[in-house]
Amino acid sequence: MKTNDMTKMTYRDAIRLGITEEMRLDRDVIFLGEDIGVYGGAFGVSKGLLEEFGEERILDTPISEGAIVGTAVGAATTGLRPVCEIMFMDFITLGLDALVNQGAKMRYMFGGQSQVPMVLRLPAGSGAGGAAQHSQSLEAWLCHVPGLKVVTPSTPAQAKGLIKAAIRDNNPVCFIEHKMLYDSVGLVPLDEEYTLEIGKTIVERPGKDVTIVAYGTTLAKAIEAADFLEEEGIRVEILNPLTLYPMDMKPIIESVIKTGCLIVAHEATKTGGVGGEIVARVVESEAFDYLTAPIVRLGGLDVPIPFNQELESAAVPQRNDFVHSVYRLLNRE
Amino acid sequence: MIELSEELLLRMYYKMNQARFFEEKLGELEEKGQVHGTVHLAMGQEAAGVMACLALEEGDLVSLSHRGHAQAIGFGLDVNLMMAECLGKETGYCKGKGGSMHIADVENGNLGANGVVGGGFGLSCGAALTQKYQKTGKVVLCFAGDGATDTGSFHESLNLASIWKLPVVFFIENNQYGMSNPVENHMNVENISDRSEAYNIPGLTIDGNDFLDVYNTVTKALRYARAGKGPVLIEAITYRFSGHSKSDKQLYREEQEVKEWRKKDPLLKMKEYLRENRIFTEKQIQKMENEAIISIEQAVEFAKKSPSPQLDTILADVYA
Chain E
674 MKTNDMTKMT YRDAIRLGIT EEMRLDRDVI FLGEDIGVYG GAFGVSKGLL
724 EEFGEERILD TPISEGAIVG TAVGAATTGL RPVCEIMFMD FITLGLDALV
774 NQGAKMRYMF GGQSQVPMVL RLPAGSGAGG AAQHSQSLEA WLCHVPGLKV
824 VTPSTPAQAK GLIKAAIRDN NPVCFIEHKM LYDSVGLVPL DEEYTLEIGK
874 TIVERPGKDV TIVAYGTTLA KAIEAADFLE EEGIRVEILN PLTLYPMDMK
924 PIIESVIKTG CLIVAHEATK TGGVGGEIVA RVVESEAFDY LTAPIVRLGG
974 LDVPIPFNQE LESAAVPQRN DFVHSVYRLL NRE
Chain R
3 MIELSEELLL RMYYKMNQAR FFEEKLGELE EKGQVHGTVH LAMGQEAAGV
53 MACLALEEGD LVSLSHRGHA QAIGFGLDVN LMMAECLGKE TGYCKGKGGS
103 MHIADVENGN LGANGVVGGG FGLSCGAALT QKYQKTGKVV LCFAGDGATD
153 TGSFHESLNL ASIWKLPVVF FIENNQYGMS NPVENHMNVE NISDRSEAYN
203 IPGLTIDGND FLDVYNTVTK ALRYARAGKG PVLIEAITYR FSGHSKSDKQ
253 LYREEQEVKE WRKKDPLLKM KEYLRENRIF TEKQIQKMEN EAIISIEQAV
303 EFAKKSPSPQ LDTILADVYA
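Each protein sequence line maps, in turn, to chains E and R. This note's numbering numbers the first residue of the first sequence as 674 and each following residue consecutively. This note's numbering numbers the first residue of the second sequence as 3 and each following residue consecutively.
Watch out, some of these pointers could steer you wrong.
With a Cα cut of at most 27 angstroms, we get these calculated DSS-like pairs of lysine-lysine [as the list claims (entries may be wrong)]:
id	chain 1	residue 1	chain 2	residue 2
1	E	Lys873	E	Lys931
2	R	Lys248	R	Lys306
3	R	Lys134	E	Lys720
4	R	Lys265	R	Lys231
5	E	Lys720	R	Lys167
6	R	Lys137	R	Lys231
For the record, the hints were derived by calculation from the structure and aren't laboratory data. Here the structure is a predicted model, which is why all the values come from computation and not from measurement.
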């Protein structure tokens, strides 16, 4: 159905809407994971899908992440388009052989013979008191594997547009959704053909003084900081790399050329994080000559996510970290 | 007992010989340093690899182990393209990007040899899920070795295949060693097929060096899976004559043990059967062997003459 209508909905509902539309459009799309049937998924994303699509297409699996991902790779290679839910991104450790050694490499190591159109939904991030084994942001691992695509939406509209694009993509796509965004609300296009192109970085907020690159809940914190700074006359430009791998660097490089200052930020631990890669690519580019201050990397502390709420929030970048970093870059402290 | 036509017996014997000569030649090339990297030879396991595939119907699928040349030849892959791939040539199945461990022919249902021990179990479940979902009536034959049955992937996959009644036959070539580790040291069950009991599926142990036993058992198992009754686990007892790979000094076994198993060479056993039953004349047998040798010599020539891939193909085919 073609429409220009938009409606307010949560990030959770937007992901579900995207999956539902694709399942209605294409019978090859199946959905598998733990407790996605009657239970409706650990975060309620698959609620109601069993009733609409039945057990043949909504497949409740045993607690076997290796078999879930392996089965998805095999099904994708032979003509289906599976979507998998890994209950918490932390548990992808149990499915990594199937993802990294099989799914990601089959096309290349077979000389282009196959394609593996599958989506892995990976609820990530801290903030819910999940402690060390239910709170990680492991996207940098996945961004180190050629053959995978890694996307992460930060708003409900992006969630719908990207999940649909991921399902239509002919490669294994890791779809990282931040758990603390599930209840966030935003306007979402109802058009069935609304998708967001994979491989594009977008400008979330135009500005001229400092460039911030952020995604997930960290993006929301950057926006809060930008609102605050704007009252002081500082205009921050915020970029959102919706696709973390392979990343579209052009808008980031252009923005740094304009502002001369760069902050990269994410919740994932700073060491070896995606932010470091963005920085490296910026300094390798023509933007290097335009930098007027050292680049700032905001990342999670190099610790497992602690349980206690104050410790948990201290482990990842917060709004004030952005504010202070911007002051420092502009010599206002 | 399944009736075997002369034509089928001919194809069986020819392919078993092709598999043997393919690996003899490949082993020679490797010793001469003409193979980059490694190859895993399955000489001694030909009845298992070839016959299991010959029991398949048109359109059935396979997932091969890392020791997969005989399996691939049984499935009907072109030995020219296989040899070219083993030598890393542009004309190989994977355009020289995969090598011996990744020979695949996806369009025709060969989901590839697998460099990860146990890597094919999940893939096979997925391919079987597609067959079930699309109601194709086709079955997936999943090859692996004894060592692979110790992986978590084996157990997760058999469980999943059992509860979903997936049309897949897990065919385990028990060649007595997981690399250097003898079976009795790496599992505490008498038969690998006993592991089927945990998943409430049929489990069978057969003589993997007996071409008829392999062919008949796999035929029945495929029929069972095709009827929608779920997966079957088959353990084929066999032996690899050569080492695990070129680095293997074979310190873990006695020469006498290899000699004993050579007496049970699956090719000799099949030849005896053909002679005893007077199915083919001595001349016909010789002719088949010669034709198999010639096909492999031609494959080596084809591979050697083939060009290496162009360097500018290095970035191709990462993404679809």
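Hint numbers contradicted by this structure: 4
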